[in-house]
Amino acid sequence: MSIPVLKFDAVIVGAGGAGLRSAIQLSEAGLKTAVLSKVFPTRSHTVAAQGGVAASLGNSEEDHWTWHMYDTVKGSDWLGDQDAIEFMCKKANEVVVELEHYGMPFDRTDNGKIYQRPFGGHMSNFGEKPVRRSCAAADRTGHAMLHAMYQRNVKANTQFFVEWMALDLIRDEEGHVLGVTAMEMETGQIVIFHARATIFATGGAGRIFYSSTNAFINTGDGLGMAARAGIPLEDMEFWQFHPTGVAGAGVLITEGVRGEGGILRNSSKERFMERYAPNAKDLASRDVVSRAMATEIKEGRGCGVNKDYVLLDITHLDPATIMKRLPGIHEIGLQFAGVDCLKEPLPVVPTCHYQMGGIPTHYSGRVVVPKNGDANTIVPGFYAGGECACASVHGANRLGTNSLLDLLVFGKSAGDSAVEDLKAGKAHRDLPKDVADKTLARIAALDNRKGGANVHETRLAMQRTMQDHAGVFRFGDMLKQGVEKILEVEKAARQLEIKDKSMAWNTARTEALEMENLIEVAKATMISAEARKESRGAHVRDDAPDTAEFPNGRNDKEWLKHTLFSPVDNSISYKPVNMQPLTVEAVALKTRSY
Amino acid sequence: MERQDYERLRWRCIRRALLELDITLTRFLDDGFDQLSDAEQRVFVELADMEDHDLWYLLSGKTECDDPRFAPLVAKIRKS
Ligand SMILES: Cc1cc2nc3c(=O)[nH]c(=O)nc-3n(C[C@H](O)[C@H](O)[C@H](O)COP(=O)(O)OP(=O)(O)OC[C@H]3O[C@@H](n4cnc5c(N)ncnc54)[C@H](O)[C@@H]3O)c2cc1C
Numbered sequence: 001m002s003i004p005v006l007k008f009d010a011v012i013v014g015a016g017g018a019g020l021r022s023a024i025q026l027s028e029a030g031l032k033t034a035v036l037s038k039v040f041p042t043r044s045h046t047v048a049a050q051g052g053v054a055a056s057l058g059n060s061e062e063d064h065w066t067w068h069m070y071d072t073v074k075g076s077d078w079l080g081d082q083d084a085i086e087f088m089c090k091k092a093n094e095v096v097v098e099l100e101h102y103g104m105p106f107d108r109t110d111n112g113k114i115y116q117r118p119f120g121g122h123m124s125n126f127g128e129k130p131v132r133r134s135c136a137a138a139d140r141t142g143h144a145m146l147h148a149m150y151q152r153n154v155k156a157n158t159q160f161f162v163e164w165m166a167l168d169l170i171r172d173e174e175g176h177v178l179g180v181t182a183m184e185m186e187t188g189q190i191v192i193f194h195a196r197a198t199i200f201a202t203g204g205a206g207r208i209f210y211s212s213t214n215a216f217i218n219t220g221d222g223l224g225m226a227a228r229a230g231i232p233l234e235d236m237e238f239w240q241f242h243p244t245g246v247a248g249a250g251v252l253i254t255e256g257v258r259g260e261g262g263i264l265r266n267s268s269k270e271r272f273m274e275r276y277a278p279n280a281k282d283l284a285s286r287d288v289v290s291r292a293m294a295t296e297i298k299e300g301r302g303c304g305v306n307k308d309y310v311l312l313d314i315t316h317l318d319p320a321t322i323m324k325r326l327p328g329i330h331e332i333g334l335q336f337a338g339v340d341c342l343k344e345p346l347p348v349v350p351t352c353h354y355q356m357g358g359i360p361t362h363y364s365g366r367v368v369v370p371k372n373g374d375a376n377t378i379v380p381g382f383y384a385g386g387e388c389a390c391a392s393v394h395g396a397n398r399l400g401t402n403s404l405l406d407l408l409v410f411g412k413s414a415g416d417s418a419v420e421d422l423k424a425g426k427a428h429r430d431l432p433k434d435v436a437d438k439t440l441a442r443i444a445a446l447d448n449r450k451g452g453a454n455v456h457e458t459r460l461a462m463q464r465t466m467q468d469h470a471g472v473f474r475f476g477d478m479l480k481q482g483v484e485k486i487l488e489v490e491k492a493a494r495q496l497e498i499k500d501k502s503m504a505w506n507t508a509r510t511e512a513l514e515m516e517n518l519i520e521v522a523k524a525t526m527i528s529a530e531a532r533k534e535s536r537g538a539h540v541r542d543d544a545p546d547t548a549e550f551p552n553g554r555n556d557k558e559w560l561k562h563t564l565f566s567p568v569d570n571s572i573s574y575k576p577v578n579m580q581p582l583t584v585e586a587v588a589l590k591t592r593s594y
Numbered sequence: 001m002e003r004q005d006y007e008r009l010r011w012r013c014i015r016r017a018l019l020e021l022d023i024t025l026t027r028f029l030d031d032g033f034d035q036l037s038d039a040e041q042r043v044f045v046e047l048a049d050m051e052d053h054d055l056w057y058l059l060s061g062k063t064e065c066d067d068p069r070f071a072p073l074v075a076k077i078r079k080s
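Order-wise, the sequence lines are chains A and B. End of the first sequence sits at 594 in the working numbering; the numbers just go up one at a time, nothing left out. End of the second sequence sits at 80 in the working numbering; the numbers just go up one at a time, nothing left out.
The set of hints was computed from the structure by calculation and includes no laboratory data. Incorrect hints may appear among the rest.
[To be verified] Where chain B lies over chain A, by a calculated footprint (3+ residues, C-beta under 8 Å):
| hint | segment |
| --- | --- |
| 1 | 311-321 |
| 2 | 557-565 |
[Unchecked claim] Below, simulated DSSO-like cross-link-like pairs (lysine-lysine); rule was C-alpha separation at most 27 Å, straight line:
| hint | chain 1 | residue 1 | chain 2 | residue 2 |
| --- | --- | --- | --- | --- |
| 3 | A | Lys575 | A | Lys480 |
| 4 | A | Lys343 | B | Lys62 |
| 5 | A | Lys90 | A | Lys491 |
| 6 | B | Lys79 | A | Lys343 |
| 7 | A | Lys113 | B | Lys76 |
| 8 | A | Lys438 | A | Lys499 |
| 9 | A | Lys423 | A | Lys155 |
| 10 | B | Lys79 | A | Lys91 |
| 11 | A | Lys324 | B | Lys76 |
| 12 | A | Lys343 | A | Lys281 |
| 13 | A | Lys298 | A | Lys269 |
| 14 | A | Lys426 | A | Lys371 |
| 15 | A | Lys480 | A | Lys491 |
| 16 | B | Lys62 | A | Lys499 |
| 17 | A | Lys307 | A | Lys371 |
| 18 | A | Lys155 | A | Lys129 |
| 19 | A | Lys590 | A | Lys129 |
| 20 | A | Lys371 | A | Lys343 |
Yeah, the Cβ is synthetic: ideal placement off N, Cα and C, and Gly gets one too.
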């Protein structure tokens, strides 16, 4: 069968913040650039970001990029690469001001400067006191950002392929990346995008967990494609959780609810936080609350048929106060839990929010893999940025507002690096003869299989396994079982069956293809988490507790290193953390406490 | 509605930028959409075309729906 080939200088998979930012660099450099997206660009998940983007502009009070750098290293629990972190924090002002020039309607101060507000973990003077560093556009920061960048791309003649799904990365025998295979959803046709530079900006994969704040689109396609092409995934054990998402739905319940007097209860209605944090109780820090909730659930004191959530009770509060101080919470309860929170407690569970790991990249946006003893060998023609990539600036935990910054800085630098590499010459390399064979075989298998596994059931089994065995607080025995279980789920995920065989708009097929990506991410997460025998940042293990020798359970002697999960044989290797910033002194190791 | 049109609409409802909409619209497609008249289904397609934040504010009651064509449908979705 002959498959159409479309030739571009660059193909970018993803039209969220990172993809659009990369595309601007390439198109404005006069290169022929295609951007593929499963949805219209301004429906990408970046739209959900409301909090803002960090930059030490110092518009409201004194600030400096070195302070921002310090906060980011500390937030990462020293797992972030300090060269990449310096690069990002130093570039922040430039990329935010550029956005302003693209027409982003930032909130402003009376004298017309970008207004800045405080955000958790961002401090002045190396951790002294909170600083106003976050730049926002009302409650639509992500949305406004995408609009501004989309318009800029239209002007620069970027070619958009909307409602196209990239399926597999194309690599030749020498390992060069030559583009992707993709499916046009409207027709079901498979097409080859042959490119001299391929940039992944496919976003996160939070849907591997049962409870996730991520929209359904976050299925980790970029990670799945990379894994199938033999690229290892970095630091996949690190996922940021939020303590209170609506059980079963994932929709966030603001921490303000506990601030206003909300109480967490277990199946016997006990106010369990009194046991874990006798003073702060329900107002203890995020990690303490999440851990307590996870422990209650693990020890059988969860609620519901599956005993898999706890209750957030505000029935003792004055209804008028609730409606005034916590607008939206009543509606969220009704819509997503079927509960009137004025009369009944809300079911809640720690909920996955952000993926710190991803496709390993250098801060230039080039993808790097271990080869011949060098842990950071460039994969020619391959770049990545945004949540699918691991630069690594977030290390073991991300600071709020740093991910929008990440996608601007590394989206741009991936674009710049691609421009630089493309200008250096080199024609399109020849496509391998079997270029689309694997993709076609996957699709044919889905279409022809009888008696295979159901997509929804398989996804649910994966999500439950991840939630129970590799959630916010992890237990050695549960992780071990989790590895076995996820490998079982993987078998089903490799044998999916779909009933609908139509070509056009076959959403069943699309969801099956997404499932094949999710399972790669889930497996990498579980195996990487089981292997890391310390607690660090968002990876917290019951069997690596806080001791005098290992404060917070962190063991720098053995574990100050990045995990690399190899999808080829499910094996793990490690590479050193870069502790050497580009121009300033390193942020020395310290216990992380706030 | 033709299969193709329905499946296109379905994709545009189950892959939104906001999780709240993914859940709300999927639920409505699964049990409510079928009972709409052809005319109502066409209005739904237009409604689903709105920007995510605007649509969510309508469906969550945060903003009043002042378009008489959308109001009855918004009320149905809110009840589903
Ligand atoms: C509720 C919520 C609130 C948040 N608030 C903030 C905040 O205030 N500040 C902050 O800094 N961060 C915030 N974050 C995190 C931040 O929004 C994300 O990390 C970031 O937007 C990811 O951007 P991205 O460009 O990497 O990916 P996305 O915006 O997710 O875009 C991914 C793109 O890839 C495309 N794609 C994926 N797979 C394929 C495929 N196979 N083929 C074709 N296209 C594909 C999609 O269509 C989409 O266009 C928040 C996250 C959530 C969930």
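Structure-based check of each hint:
{"no.": "1", "hint": "311-321", "in the structure": "violated (count 0)"}
{"no.": "2", "hint": "557-565", "in the structure": "violated (count 0)"}
{"no.": "3", "hint": "Lys575/A <-> Lys480/A", "in the structure": "holds, 23 Å"}
{"no.": "4", "hint": "Lys343/A <-> Lys62/B", "in the structure": "holds, 21 Å"}
{"no.": "5", "hint": "Lys90/A <-> Lys491/A", "in the structure": "violated, 46 Å"}
{"no.": "6", "hint": "Lys79/B <-> Lys343/A", "in the structure": "holds, 19 Å"}
{"no.": "7", "hint": "Lys113/A <-> Lys76/B", "in the structure": "violated, 44 Å"}
{"no.": "8", "hint": "Lys438/A <-> Lys499/A", "in the structure": "holds, 21 Å"}
{"no.": "9", "hint": "Lys423/A <-> Lys155/A", "in the structure": "holds, 22 Å"}
{"no.": "10", "hint": "Lys79/B <-> Lys91/A", "in the structure": "violated, 48 Å"}
{"no.": "11", "hint": "Lys324/A <-> Lys76/B", "in the structure": "holds, 26 Å"}
{"no.": "12", "hint": "Lys343/A <-> Lys281/A", "in the structure": "holds, 23 Å"}
{"no.": "13", "hint": "Lys298/A <-> Lys269/A", "in the structure": "holds, 16 Å"}
{"no.": "14", "hint": "Lys426/A <-> Lys371/A", "in the structure": "holds, 23 Å"}
{"no.": "15", "hint": "Lys480/A <-> Lys491/A", "in the structure": "holds, 18 Å"}
{"no.": "16", "hint": "Lys62/B <-> Lys499/A", "in the structure": "violated, 40 Å"}
{"no.": "17", "hint": "Lys307/A <-> Lys371/A", "in the structure": "violated, 46 Å"}
{"no.": "18", "hint": "Lys155/A <-> Lys129/A", "in the structure": "violated, 43 Å"}
{"no.": "19", "hint": "Lys590/A <-> Lys129/A", "in the structure": "holds, 18 Å"}
{"no.": "20", "hint": "Lys371/A <-> Lys343/A", "in the structure": "violated, 60 Å"}
The structure does not agree with the numbered hints 1, 2, 5, 7, 10, 16, 17, 18 and 20 stated previously, though it agrees with the rest.
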